[in-house]
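Listed in order, the protein sequences are those of chains A and B.
Heads up: the first sequence is residues 1 to 112, going by the working numbering.
Heads up: the second sequence is residues 1 to 113, going by the working numbering.
Careful, some of the hints might be misleading.
[Unchecked claim] Straight-line Cα separation of at most 30 Å, DSSO-like style, residue types lysine-lysine; simulated pairs:
no., chain 1, residue 1, chain 2, residue 2
1, A, K18, A, K52
2, A, K19, A, K41
3, A, K36, B, K61
4, B, K68, A, K41
5, B, K68, A, K40
6, A, K36, B, K49
7, A, K22, A, K41
8, B, K49, A, K52
9, B, K68, A, K22
10, A, K22, B, K49
11, A, K41, B, K49
12, A, K40, B, K49
13, A, K40, B, K61
14, A, K52, A, K41
15, A, K41, A, K18
16, A, K36, A, K18
17, A, K52, A, K36
18, B, K49, B, K68
[Claimed, not checked] Rough simulated footprint, nothing fancy, chain A against chain B, three-plus residues with beta-carbon under 8 Å:
no., segment
19, 43-56
20, 103-112
Derived from the structure by calculation, the hints contain no laboratory data.
Source: prediction; values computed, not measured.
Beta carbons are placed, not taken as given, at the ideal position from N, Cα and C, and that holds for glycine.
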Amino acid sequence: ETGVTQTPRHLVMGMTNKKSLKCEQHLGHNAMYWYKQSAKKPLELMFVYNFKEQTENNSVPSRFSPECPNSSHLFLHLHTLQPEDSALYLCASSQITGAEAFFGQGTRLTVV
Amino acid sequence: AQSVTQPDIHITVSEGASLELRCNYSYGATPYLFWYVQSPGQGLQLLLKYFSGDTLVQGIKGFEAEFKRSQSSFNLRKPSVHWSDAAEYFCAVDTLTGNQFYFGTGTSLTVIP
Numbered sequence: 001e002t003g004v005t006q007t008p009r010h011l012v013m014g015m016t017n018k019k020s021l022k023c024e025q026h027l028g029h030n031a032m033y034w035y036k037q038s039a040k041k042p043l044e045l046m047f048v049y050n051f052k053e054q055t056e057n058n059s060v061p062s063r064f065s066p067e068c069p070n071s072s073h074l075f076l077h078l079h080t081l082q083p084e085d086s087a088l089y090l091c092a093s094s095q096i097t098g099a100e101a102f103f104g105q106g107t108r109l110t111v112v
Numbered sequence: 001a002q003s004v005t006q007p008d009i010h011i012t013v014s015e016g017a018s019l020e021l022r023c024n025y026s027y028g029a030t031p032y033l034f035w036y037v038q039s040p041g042q043g044l045q046l047l048l049k050y051f052s053g054d055t056l057v058q059g060i061k062g063f064e065a066e067f068k069r070s071q072s073s074f075n076l077r078k079p080s081v082h083w084s085d086a087a088e089y090f091c092a093v094d095t096l097t098g099n100q101f102y103f104g105t106g107t108s109l110t111v112i113p
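Pulled out of the complex, with its shape left as it was, chain A reads as follows (with noise of 0.2 Å):
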């Protein structure tokens, strides 16, 4: 248990279909990440949230949109998806840059 929570931990959609990403932390820290997780690449920073704010976003598709409604949370709506969108997609958090991240257990995101 790192205290970081991602929901759900598998999920299979449809091109066509809108799901969300849930991932929450009870460590207190200010700063969140999304990481897509793809196999035999490097892991891919897809979004950085600091203090709610989003500071990062990797050049990621719009049909990826995260939200951040406190620094806590963290979400990634996903609508319109395509096959090679399929992935380990990874939450982590930390305190402002100098720390370790933490990471959830990851979704298992499988596109059909």
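Given the coordinates of chain A, work out where chain B should sit on it, guided by the hints.
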């Protein structure tokens, strides 16, 4: 551009043998350095980290890593590997320029009896 290189995609070792996983980074200054481990279907767990000071750092599960500035390396070691160490290992750096970690592509470790 900043980068993290883990040259070994896959390593197989016998249980009880020693282990060294390589990591090199490309960055002008000394970043913060981390090693994470990921078991199948799980998130990443921090093994150890280097911020400053003693270049040999101790982590959990009997792992250690040594920072070598001259080689821009941060290799992970364990004197005697256990079957439960089989997992994916990721090296990461924090360049201190915003909340951003750069990860290597990972090294998959197989432990044979």
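Hint check results:
1. A:K18 to A:K52: Given pair K18 of chain A, K52 of chain A holds - Cα atoms ~23 Å apart, limit 30 Å.
2. A:K19 to A:K41: At roughly 24 Å apart (the allowed maximum being 30 Å), K41 of chain A and K19 of chain A satisfy the hint.
3. A:K36 to B:K61: 27 Å, holds
4. B:K68 to A:K41: Measuring from Cα to Cα gives roughly 26 Å; hence the hint holds.
5. B:K68 to A:K40: 27 Å, holds
6. A:K36 to B:K49: 22 Å, holds
7. A:K22 to A:K41: Satisfied, since the Cα-Cα distance of roughly 23 Å is no more than 30 Å.
8. B:K49 to A:K52: Within the cut-off at roughly 26 Å; holds.
9. B:K68 to A:K22: 39 Å, violated
10. A:K22 to B:K49: Judged against 30 Å, a Cα distance of about 28 Å means the pair holds.
11. A:K41 to B:K49: Roughly 23 Å separates the two Cα atoms, so the pair holds.
12. A:K40 to B:K49: Since the Cα atoms of K40 of chain A and K49 of chain B sit roughly 24 Å apart, the hinted pair holds (cutoff 30 Å).
13. A:K40 to B:K61: 26 Å, holds
14. A:K52 to A:K41: 28 Å, holds
15. A:K41 to A:K18: 26 Å, holds
16. A:K36 to A:K18: 18 Å, holds
17. A:K52 to A:K36: 20 Å, holds
18. B:K49 to B:K68: 14 Å, holds
19. 43-56: Held - the segment 43-56 of chain B has 6 residues with a Cβ nearer than 8 Å to chain A, which meets the minimum of three.
20. 103-112: Satisfied; 4 residues make the cut.
Checked against the numbered hints above, the structure violates only hint 9.
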